[in-house]
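Undergrad: Residue strings, one per chain:
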Amino acid sequence: MSDRDAEFLEYVAAHRGRMLRMARLLASGDAHWAEDLVQVALTKLYVHWAKVRREDGAARYADRILVNAFLDERRRMWRHRESTTEQLDDPEPTPGPDPAVRLTVLDALAKLPRRQHAVVVLRYFRDFDVQTTAELMGCSEGTVKSQTSRALATMRDLLHEPLETLESLR
Amino acid sequence: MTDLKELLDDAAGPEPVVTALDLSADLDRPHRAHRRRCTTSIATAAVATALVVGVGWSVLPSGTTNGAPNPAGQGTPAAIPSKIVKTGKDYVRTPTKRPAPPTERDDPRPPPPVFTPVPLVANHTPFPGTITCDQIPKGWAVRSIGAALELYDPKLTNPGQYRALTYTLVLRPSEMLPRPGGLGIDRVVDESWARLKSWHAGKNEAALFVIPDSEGKTSNPFQEELYVRQGETTHMIVATNYAWNLAWHPDSLRQFAASCHYK
Numbered sequence: 001m002s003d004r005d006a007e008f009l010e011y012v013a014a015h016r017g018r019m020l021r022m023a024r025l026l027a028s029g030d031a032h033w034a035e036d037l038v039q040v041a042l043t044k045l046y047v048h049w050a051k052v053r054r055e056d057g058a059a060r061y062a063d064r065i066l067v068n069a070f071l072d073e074r075r076r077m078w079r080h081r082e083s084t085t086e087q088l089d090d091p092e093p094t095p096g097p098d099p100a101v102r103l104t105v106l107d108a109l110a111k112l113p114r115r116q117h118a119v120v121v122l123r124y125f126r127d128f129d130v131q132t133t134a135e136l137m138g139c140s141e142g143t144v145k146s147q148t149s150r151a152l153a154t155m156r157d158l159l160h161e162p163l164e165t166l167e168s169l170r
Numbered sequence: 001m002t003d004l005k006e007l008l009d010d011a012a013g014p015e016p017v018v019t020a021l022d023l024s025a026d027l028d029r030p031h032r033a034h035r036r037r038c039t040t041s042i043a044t045a046a047v048a049t050a051l052v053v054g055v056g057w058s059v060l061p062s063g064t065t066n067g068a069p070n071p072a073g074q075g076t077p078a079a080i081p082s083k084i085v086k087t088g089k090d091y092v093r094t095p096t097k098r099p100a101p102p103t104e105r106d107d108p109r110p111p112p113p114v115f116t117p118v119p120l121v122a123n124h125t126p127f128p129g130t131i132t133c134d135q136i137p138k139g140w141a142v143r144s145i146g147a148a149l150e151l152y153d154p155k156l157t158n159p160g161q162y163r164a165l166t167y168t169l170v171l172r173p174s175e176m177l178p179r180p181g182g183l184g185i186d187r188v189v190d191e192s193w194a195r196l197k198s199w200h201a202g203k204n205e206a207a208l209f210v211i212p213d214s215e216g217k218t219s220n221p222f223q224e225e226l227y228v229r230q231g232e233t234t235h236m237i238v239a240t241n242y243a244w245n246l247a248w249h250p251d252s253l254r255q256f257a258a259s260c261h262y263k
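First to last, the sequence lines map onto chains A and B. Using the working numbering, the letters of the first sequence correspond one by one to residues 1 to 170. Using the working numbering, the letters of the second sequence correspond one by one to residues 1 to 263.
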């Protein structure tokens, strides 16, 4: 195994989980799509490994690829997604505190426009500041702020009532 | 917003355990992508190079449509009758004087550039005159000049830009003549055919000569003249390849000449 492969595997072992969690949010809970996004990101990361390691930092580059892969696919009118079948491929629910809340949040994310969706994930899941988010998305800081504002307003509307209902049912 | 962060953390699910299988797959896919990328780069570079060469080739003023040399049709020599000189013992002819390719000093125009040799293809149309060939340089045509035949590239444009006698191929009939020690050829007066023949064109005996230029120098080894005796007869067919830009190997000239015969 070459040094390049060894370094790459070390990075993957350390960061794959984080990347997959971020991809799950971007894919609105679609586990297969999330895996695809991670694979795309890791493949591009490997191809450009020498440059990435030297200049940009692998984590930053991987995040950028993830977001771009997500935006690119959402931008397509005809998405190359698998069609659903009657039988569930992975019937086991994802472990977590409350599946209902989780599904509600993911559903709200799915309803956001793609750039607002990405902004919410980058800012409130990855905790990036406005400047970093703008760099990752390739837009201005003003755009990030306005997208954040609109996304939060939409999320508030989308989440408030269902979460209240869920709370009252407990 | 702390609430939103918590909600997103929960929605993202737990961090999965990365197995050795995952890592192996995560390395295999990029490896394949990397290989594809290298292959594509090489293929793209090859295509781009071919395009550049192709465009450059076509832009050159000397390009022809078949990628062959650009022969221009200027005064290709026909067979010139040899002069008969009466000697005491026998009739001996002086060497036939044929037009010699001019040197650069005589004719400053450039010769056609060297291209990929024109391949030989089957010829189904008999040539005019007494000689015909079963093969012909691809895309070339034939015209009569006296008793001789001149093969040329009809797609050549502006042939006058090239030095004369550098882009045609001439076929002419010839007869064996009395020479010391037996029959010989019009080109050589002091040797018999038995001493000259050193090649074969098909089943026939042949002799190959390099054509000297107007200064008597054989500066271009590709300008060759091949004498082919037709079986055991005294009939000869002489193939003179002035089109040195064909870059034919002697074997190609022999192959072509071997396909030529009297009708």
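Keep in mind the hints are simulated off the structure, nothing from the lab. Where a beta carbon is used, it is the ideal one built from N, C-alpha and C, also for glycine. Where hints are given, some of them may not hold.
[To be verified] Not the full set, but computed from the structure, chain B residues with beta-carbon under 10 Å of chain A:
| no. | residue |
| --- | --- |
| 1 | 5 |
| 2 | 8 |
| 3 | 14 |
| 4 | 27 |
| 5 | 34 |
| 6 | 175 |
| 7 | 178 |
| 8 | 216 |
| 9 | 220 |
[As the list claims (entries may be wrong)] Pairs of lysine to aspartate or glutamate residues, derived as EDC-like cross-links and limited to a Cα-Cα distance of at most 16 Å, are as follows:
| no. | chain 1 | residue 1 | chain 2 | residue 2 |
| --- | --- | --- | --- | --- |
| 10 | B | 5 | A | 127 |
| 11 | B | 5 | A | 3 |
| 12 | A | 145 | A | 161 |
| 13 | B | 197 | B | 232 |
| 14 | A | 44 | B | 28 |
| 15 | A | 51 | A | 127 |
| 16 | A | 111 | A | 157 |
| 17 | B | 197 | B | 215 |
| 18 | B | 203 | B | 251 |
[To be verified] Output of the computed footprint for chain B on chain A, the stretches with three or more beta carbons under 8 Å from beta carbons of chain B:
| no. | stretch |
| --- | --- |
| 19 | 7 to 13 |
| 20 | 60 to 69 |
Undergrad: Starting from residue 145 of chain A, check that the Cα of residue 161 of chain A is at most 16 Å away, please.
TA: This hinted pair is violated, its Cα atoms lying about 25 Å apart.
Undergrad: Between the stretch 7 to 13 of chain A and chain B, see if three or more residues pass the 8 Å beta-carbon test, and mark the coverage as holds or violated.
TA: The restraint on the stretch 7 to 13 of chain A holds, since 4 of its residues have a Cβ under 8 Å from chain B and three suffice.
Undergrad: Please check whether residue 5 of chain B passes as an interface residue: C-beta within 10 Å of a C-beta belonging to chain A.
TA: 5 Å, holds
Undergrad: Next item in the hint list is residue 216 of chain B. Is there a CB on chain A closer than 10 Å to its CB?
TA: 64 Å, violated
Undergrad: Is it true that the CA of residue 111 of chain A sits at most 16 Å from the CA of residue 157 of chain A?
TA: 11 Å, holds
Undergrad: Go through the hint on residue 220 of chain B and say holds or violated, using the shortest Cβ distance to chain A against 10 Å.
TA: 53 Å, violated
Undergrad: State whether the coverage of the stretch 60 to 69 of chain A by chain B holds or is violated, taking the criterion as 3 or more residues with Cβ-Cβ distances under 8 Å.
TA: Result for this restraint: violated, n = 0.
Undergrad: Is the straight-line distance between the alpha-carbon of residue 44 of chain A and that of residue 28 of chain B 16 Å or less?
TA: 13 Å, holds
Undergrad: Close enough to count: is the Cβ of residue 34 of chain B nearer than 10 Å to one in chain A?
TA: 6 Å, holds
Undergrad: Are the Cα atoms of residue 197 of chain B and residue 215 of chain B separated by 16 Å or less?
TA: At roughly 26 Å apart (the allowed maximum being 16 Å), residue 215 of chain B and residue 197 of chain B break the hint.
Undergrad: Regarding the hint that residue 175 of chain B lies at the interface with chain A, is the smallest CB-CB distance below 10 Å?
TA: 74 Å, violated
Undergrad: Measuring from the C-beta of residue 8 of chain B to each C-beta in chain A, is the shortest one below 10 Å?
TA: 4 Å, holds
In summary, the structure is inconsistent with hints 6, 7, 8, 9, 11, 12, 15, 17 and 20 from the numbered list given earlier, while agreeing with the others.
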